[in-house]
Amino acid sequence: MKRLATASLACLAWSGVALPASAPVWAETTPPVSELVPPYTRVELSNGLTLLLMEHHELPLVNFELVLRSGSIADPEGKEGLTDLMMSLLRKGTRQRSAEQIAEQLDFLGGELELDASFEWCGMSAQFLAKDVGAGLELLADLLLHPAFPADELRKLVDLRVNRIHEAKDNPRRVIGRYYDGFLFEGHAFGRPVGGTETSLPAIKRADVQESYSTWVRPNNAILAVAGDFRAADMRSWIESALGTWERRSADLPRAAASKPVRGRKVLVVDKPDAVQTYFRIGNVGVAKGHPDTAALHVVNTVFGGRFTSWLQNELRTKSGLSYNAHSRFIERSVPGSFYISSFTRTADTEKAVDLALEVLDRLHEKGLTQVELESARNYIRGQFPPRYETAGRLANAMAELEFYGLDRAHINAHTQNTDAVTLDQLSEVIRRFYPRDDLVIVLVGQADEIKKIASRYGDVEFKSVSDPGY
Amino acid sequence: MRVRCPERRCGGDCFSRLARVLACCLALLAAAGTSQALDPGRIQTHMLDNGMKVVLWPDHSIPNLAMYVFFRVGSRNERPGITGLSHFFEHMMFLGSKNYGPGEFDNVMEAAGGANNAFTIQDITVYQDWFPRSAMETIFTLEADRIASLAIDSTSVENERGVVTSERRRSVEDNNVRALDEENWAAAYKAHPYQWPVIGWMVDIQNWKIQDLYDYFHTYYAPNNATLVVAGDFQPQEILDLCRRHLEPIPPGPEPQPVTTAEPEQRGERRVELHRQAQVASIISSWHVPATSHPDYHALRVLETLLLQGESSRLHRRLVERDELALRVSGGMDFALDPTLFQVLMPVRGGVDPGRCEAALYEELDHLKEKPPDEREFRKAKNQLAADFYRRLETINGKAFVLGFSDVYSGDPKAFLDVVERYEAVTAEDIRRVVRAYFTKTNRTVSTLVPETEGAEKAGAGASGAEVGS
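Just so you know, the protein sequences line up as chains E and W, in that order.
The letter at position 363 of the first sequence is residue 363 when you use the numbering used here, and the numbering goes up by one with no holes.
The letter at position 432 of the second sequence is residue 432 when you use the numbering used here, and the numbering goes up by one with no holes.
Since the hints were made in silico from the structure, they are not lab data.
A portion of the hints provided could be inaccurate.
Here are the simulated DSSO-like cross-link-like pairs (lysine-lysine), alpha carbons at most 27 Å apart as the crow flies [to be verified]: (1) E/LYS131 with E/LYS266; (2) E/LYS319 with W/LYS209; (3) W/LYS190 with W/LYS441; (4) E/LYS464 with E/LYS260; (5) E/LYS131 with W/LYS382; (6) W/LYS371 with E/LYS319; (7) E/LYS464 with E/LYS453.
Hey, can you work out the whole structure from these sequences and the hints?
Next up, the structure:
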């Protein structure tokens, strides 16, 4: 029996834990944290499709993750939501299959299929039982290569989505992120909602959808990551035959413009007259994916607002009872995405909670982290990192993401080692550079009548109402 | 490229749906017999001298463990005046024990690389720890200390009261669907404790006394009222040694009083309205159905799949696609120790009379009373249950869930091994029989969310809310 004393939990003890030698009786070995993403095959097919293959035989499942290099940033002005809508319509009819037939065949296989878009990419995730992978792949290929975009399905889906926006606006938690992005990235593509608005969706015509499809859903623009219970050579030939006729077409890929932090402070109050709490986000523009300070920033944010004992959670929840939750996050994109602090509290405590969040932010700058906190965060990251890569589906996702951002396996596999190397000086530098203090965007969703005075203490205030279209 | 939710120590709402989904995963373990990872021969069950059951499932795919402690106490064990106490108590379990002061449990666990959460549902409270191998000793020390000697600090109680009221405001007062769900259970039950929400009524949250918490701890938190489940990167002997040293010395307690209240049969439709500011109306229709231990359970699960699972399901096809009445249809039934509800939730499209949604729903059920599903549709439902089963066992979390729920609801953590045969044994005729038996008008409770504009609500106006067009 092997057991590690709690005293040896510092980073260096780790490397011994997962080695087979430490547990000779095991029938199988456990991958070390430096090999969470194992090697995989990368090939480019003749039509330009980048194919990533990883065998993973734990369960009889196969996962497909298709990522296309275009997203809502390519949506025309006034037609926000086009890319997302186009992707969703892929399952609503092909030359040979009606929407009902597609749904029935997918469910008959016990398959799962998600189609969606983000700002810089759109994609398809699917999972099938290994025994059904032939039928599953044939279905996916039909959706990708031969969509019919029936006019009636477009009308239905637009109507449904507009209704779902109304529904989402009945719940402040579901929409605060969209108001925050819209206000923070005003004038930038990240400020335009991926899913569109009550007014932009009805403006989308079938011809827009077809053009979006024929421009962006192209193999030379696509990454297909497959992980699961198959032999790589077989999968490659299945995919070549299923997607070999998919024709390439060149188009200038949309690129997100540089995103610039907001200067000074500005405040948005979104009126939801019956809300009993105020939901708020505070932040600014953050960092880009793959930036060299990833490890140091992960350490700082773990301590500041990334785990249960974080400073934010400790002050706003544990010590004061003001809120059920407070946290902070960086959204990384190819150019800097958002950074935010997020929490909520009953209307009467709005000022107290916002002040406290700002105070904790000030303290981060004034005090920085201690050596004890640095070590605690390292252990936490090392301990909580492996489950992110536990399943074949998550590994397919990781392969696609690495390829999309032009990163290699080391971005993930060396991450814990990188956090081990981080010093207190680096942390101070990261806090100074990436945590805004004076330049802040603040968004409050709640009863405007009750909180507008408070809001004006923090900067110039703009007002919106959840019943206004858009965000 | 998807993002995970950071929510922690949620109330019942976040996870009751998960429990429902998990039912699907109890489907086909037997079919997975050839798979190395799912080899059910690896599952071990042990009984400690103090009556705590220990269930182990080694899995070495990542250097981590998932450890769940299932206590057989939930809102079902409450009474008027202390509703929500089980969930509040779940929060208190993190706030101090003999050797770890307030906040120390989390600090020590996270510094060792571990993370935790917990949830409460109607029947049980579950504590979850996720940690690397290197933290095993620490985790057992922490868990044993709070089970053996919880120390309730009065300042922590008051702060946590604020936390839980904020949780309730967020998840019920500012959430129309949850508020409507609360109305539905409260109307469907008159006698049995399922009538109140897991998070509790606000007035009760504000009035518990510290003595109520101690009483609860001594009554329900004895080792003989718990099952410990561990899945992940360990050898069984390592965990058993830790159990013997840390958990076995904790003395057993008396058996808690059984819940004897049974809900009387409902003899007529019940309808309730909830008027709130909203842009979208919603309906929840529900029917009383038996507990998980009842012989009709498996037929009801297959029915749930036929009606609600996937875009080809009967209710999605009819209400969302063909008639364009609802924004979505969701629902089903939770695992339950006592007779529970089979619910269907339908947010209504703008401009649609909610009555049309209801009528279409009942018509679909009537079809099944007359004509059972054909062979292909029936096979489809069973295939969906089978595939979901594998999906839920992909992670060590999923494995810990399945073992724990199986133990709580059948008394045997490995009971799910023959569930496949039980689903296969369900016939199309069974479906027709259970629809006829349970989905009747007199057994039905319908709650409707009536949207109101701000002015109307302040003026106290009743009638129908403004329909929202686009």
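Here is what the structure says about each hint:
A distance of roughly 56 Å separates the Cα atoms of E/LYS131 and E/LYS266; the hinted pair therefore is violated under the 27 Å criterion. In summary, the hint linking E/LYS319 to W/LYS209 is supported, as the alpha carbons are separated by about 20 Å, within the 27 Å threshold. For a cut-off of 27 Å, the pair hint linking W/LYS190 to W/LYS441 stands: about 18 Å separates their Cα positions. With a C-alpha separation of about 24 Å, the suggested pairing of E/LYS464 with E/LYS260 holds against the 27 Å cut-off.
For the hint linking E/LYS131 to W/LYS382, the alpha-carbon distance of about 16 Å falls within 27 Å, and the restraint holds. For the hint linking W/LYS371 to E/LYS319, the alpha-carbon distance of about 60 Å lies beyond 27 Å, and the restraint is violated. Among the hinted pairs, E/LYS464 with E/LYS453 is consistent with the structure: their alpha-carbon atoms are about 15 Å apart, no more than 27 Å.
Violated hints, in rising order: 1 and 6; the structure is consistent with all others.
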